[in-house]
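Throughout, my numbering is defined as the position within the sequence shown, counted from one, plus 2.
Hints were generated in silico from the structure; no laboratory data involved.
Misleading hints may appear alongside valid ones.
Said to hold, decoys possible - Derived lysine-lysine pairs resembling DSSO-like cross-links, with alpha carbons at most 30 Å apart:
#: 1; residue 1: K46; residue 2: K158
#: 2; residue 1: K245; residue 2: K4
#: 3; residue 1: K327; residue 2: K202
#: 4; residue 1: K4; residue 2: K327
Said to hold, decoys possible - Each pair of labels, with its calculated beta carbon distance range:
#: 5; residue 1: D273; residue 2: M217; range: 14 to 24 Å
#: 6; residue 1: Q411; residue 2: E243; range: 30 to 40 Å
#: 7; residue 1: S33; residue 2: S172; range: 27 to 37 Å
#: 8; residue 1: I60; residue 2: P247; range: 49 to 59 Å
#: 9; residue 1: A44; residue 2: Q411; range: 42 to 52 Å
#: 10; residue 1: T412; residue 2: N128; range: 48 to 58 Å
#: 11; residue 1: S185; residue 2: D362; range: 53 to 63 Å
Treat the numbers as computed from the prediction; the structure is a model and nothing was measured.
Think of the CB as a built atom: it goes at the ideal place given N, C-alpha and C, for glycine as much as any other residue.
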Amino acid sequence: SKVTVNGIDARFEHHDFLSEIVQESYRDWNSFDLFYRGAIVASKEGTLVIDLPQGLDIVDKKATSTANTATDDDETDEEKESVVWDVDTLPPSPTDYAPLCVRIEYMVTNPRGGVRFMLPDELNPNRIPHMYTYCGPFGGLCDGARTWMPCRDSLKDTCTFRIELVVPASCVAVCSGRLVGQSLDAQKIYRSFRFVVNAKTSCSLIGFAVGPFRMHVAENMPRVTHFCAPDYLTDLTTSTEYKDPHILPFFETYLNARYPFETYAQIFVEDPPEECQYFAGLSILDQRVLYGQTIIDRQLPSQVIQVKGFVGSWIAGAIGIQTTKDAWVLVGVVGHLVNMYVRAVFGEEEYGYRIQLAMDALTTMELVADGNGSPHLIYGDVDVYGEYDPFYMPFLEAKAPLILHMMEQTVEVHNGTKHLHIALQRIVSQGAKCTRQVDDKKDQSLSEGTQKVTWQIEN
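Just need the whole structure built from these sequences, with the hints factored in.
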């Protein structure tokens with residue numbers, strides 16, 4: 003509803019390319035398919051155009067005071083991690099000019115994607131009201147973060163975040179990043195939660211959930227928190243009793259690196275689009291994953307899904323895929339690391355059984371494939387919407403980890419053991435450095451900065 007640049011009102015245009023894909027006169031699928039692809043491609047280049055207002059001073063960076071910068075390249079990692087709620091300071095500019103502060107005021111009403119509100123209805127009158135964000139399987143497309151916050155929603159643009167969520171006083175907000183403060187207003191109607199993401203992260207990896215959640219923290223692992231609806235608290239306690247070693251110290255040892263976020267949270271919600279959705283330092287899981295003490299055969303499937311969420315929250319930022327055509331690498335690495343955890347904790351027999359199940363699933367998929375032939379890891383139109391074929395994701399999740407498994411077997415025969423293991427360690431250790439690299443193109447310089455998001459959720 004309003005945009006300002008350095009405090010000056012600016013004119014803007016908001017283009018919603020998906021609001022009307024075709025005219026009413028078109029009634030055939032081919033026309034819809036053609037225009038839909040065009041709308042998706044157009045939306046990837048941005049939907050909000052802001053005109054720089056008259057009277058705006060473009061200041062040379064050398065003439066600005068160092069007090070206006072939050073950090074510089076000479077600061078240590080400890081100093082950067084100490085940055086908390088510094089929304090009044092501007093980040094350093096990668097150009098020769100001082101940074102600009104763009105403020106966008108907006109309202110999201112009855113969103114059709116990216117945000118889901120679970121409210122009581124005729125079929126579920128006793129449903130506990132809550133909400134959560136979600137995105138497609140790979141992020142960076144028109145169904146993710148851009149549906150609920152203005153941002154550069156692409157896979158290669160990263161920045162730090164300051165997120166403030168104002169929710170009803172009876173609710174709890176859980177978000178990507180570190181919780182640095184919460185407060186209650188004078189009337190005790192709304193509660194404010196403030197989160198900080200100091201690691202440079204793509205917008206598609208930012209997510210949150212709000213509701214009257216109950217929290218569980220294991221005594222031996224205070225860095226990991228679990229949230230669920232009040233009715234599922236007993237099942238939550240049972241389902242999060244991991245075998246030794248715990249997932250966090252196991253992967254920190256296996257990858258020889260520290261988890262890039264200070265804390266990790268997983269939230270169990272009702273009816274998410276995907277059974278497991280991972281974000282930066284956060285995962286949102288289906289509450290049907292939880293089980294009680296009397297259901298012993300659900301332990302392994304439940305823990306595998308939870309491990310997938312944790313690994314995805316770590317690896318999604320470290321891999322740093324450039325386009326959705328590279329997504330099979332991310333899916334493969336996540337699946338391979340999950341298999342490594344199963345092998346270490348549940349034994350070789352269970353690990354081999356998972357490999358055999360994946361091979362059988364691939365054989366079945368190829369047998370039932372239509373006349374277009376067996377599925378492929380990469381499709382020519384995957385940048386548009388090929389990844390949303392219901393048949394595509396199960397195939398990808400089955401085959402991509404198998405490719406890494408076969409690579410591991412081949413490398414071990416010729417070069418000895420642990421070469422793939424060492425390669426994954428290097429990917430993780432170099433992931434943060436790769437995300438800091440800025441392309442020489444001018445448009446890439448826009449991705450440098452800090453984004454502050456304030457959401458107020460009404461009853």
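request  = Would you pick out the hints that fail for this structure and give their numbers low to high?
outcome  = Of the numbered hints, 2, 4 and 7 do not hold.
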